[in-house]
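So the sequence shown is numbered by the numbering used here: it starts at 1 and just counts up by one.
Please keep in mind that the hints were generated in silico from the structure rather than gathered at the bench.
Ideal Cβ positions, reconstructed from N, Cα and C, are used throughout, including at glycine.
Everything hinted at is true.
So the derived label-pair ranges between C-beta atoms look like this:
1) E61 x W32: 39 to 45 Å
2) C102 x L177: 35 to 41 Å
3) A128 x W45: 16 to 22 Å
4) Y29 x G179: 42 to 48 Å
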Amino acid sequence: MRPRPLAVFDRLDLLEWQFCQRITRYSLYRPWRVTLQAASRIGDWPVWVALILAQPFLLPEGGMRLMQYTLTALLAVFVYRLVKTRLCRERPFITYRHGIQCSEPARDRYSFPSGHTMHAVMFSVLVAAHTPWLLPIVIPLALLISISRVGLGLHYVSDVLAGAAIGYAFALLSLALMG
Numbered sequence: 001m002r003p004r005p006l007a008v009f010d011r012l013d014l015l016e017w018q019f020c021q022r023i024t025r026y027s028l029y030r031p032w033r034v035t036l037q038a039a040s041r042i043g044d045w046p047v048w049v050a051l052i053l054a055q056p057f058l059l060p061e062g063g064m065r066l067m068q069y070t071l072t073a074l075l076a077v078f079v080y081r082l083v084k085t086r087l088c089r090e091r092p093f094i095t096y097r098h099g100i101q102c103s104e105p106a107r108d109r110y111s112f113p114s115g116h117t118m119h120a121v122m123f124s125v126l127v128a129a130h131t132p133w134l135l136p137i138v139i140p141l142a143l144l145i146s147i148s149r150v151g152l153g154l155h156y157v158s159d160v161l162a163g164a165a166i167g168y169a170f171a172l173l174s175l176a177l178m179g
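Kindly generate the complete structure, drawing on both the sequences and the hints.
Right, dumping it as C-alpha cells:
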C-alpha cells in the first residue's frame, strides 16, 4: 500500500497542472530540452561536489568551508529525504500521464520538495557569503537548474519554491552556526 499524499497537494496539483503542462511543451524544442537536461544532470551532484572540494583552493579558511559545506549538504539531504518520503507528492508526469511531458528520468517517485533546487539555492547563498566573485556563474546555473525541474515535467512550481525555501533556510542556519 502506498502512502497517501496530503490533501493540500491534491488542490495544488489542480492549480498548477495547466501551468506545468504549458511549460513542459517548450521541451519539445530540442535545444531547450537538451539545455534543461544538461542543467538537471549537473544539478544532480557534480557541480556541488566540485564546489565543496574546491573550497581549500578558493579561500584561506577553505578547510573549514569544506567541512561546513559538506555537513550542511548532508544535513539538508537527510531532512529533504525525510520530508519527501513522508509527504509523498506524486510527480506531475505521474499524476497527469497524458497532459505533462516528462523529458528526463526521475530519480524517485515523489516530487515535493525539489532537491535540485534546494541544493542550488543553498550553495548560492553560501557562495554569496564566502566567494561572491563566483556568483556570476552560480546564480545563472542555479536558476537554470530550478527551471529545468518544472520544464522537464519532474516538479510542480510549488515543489521548486519549497526546495528553494528549504535550501535558503539551511544556508542561513549554516552561516549562523559556522560563519
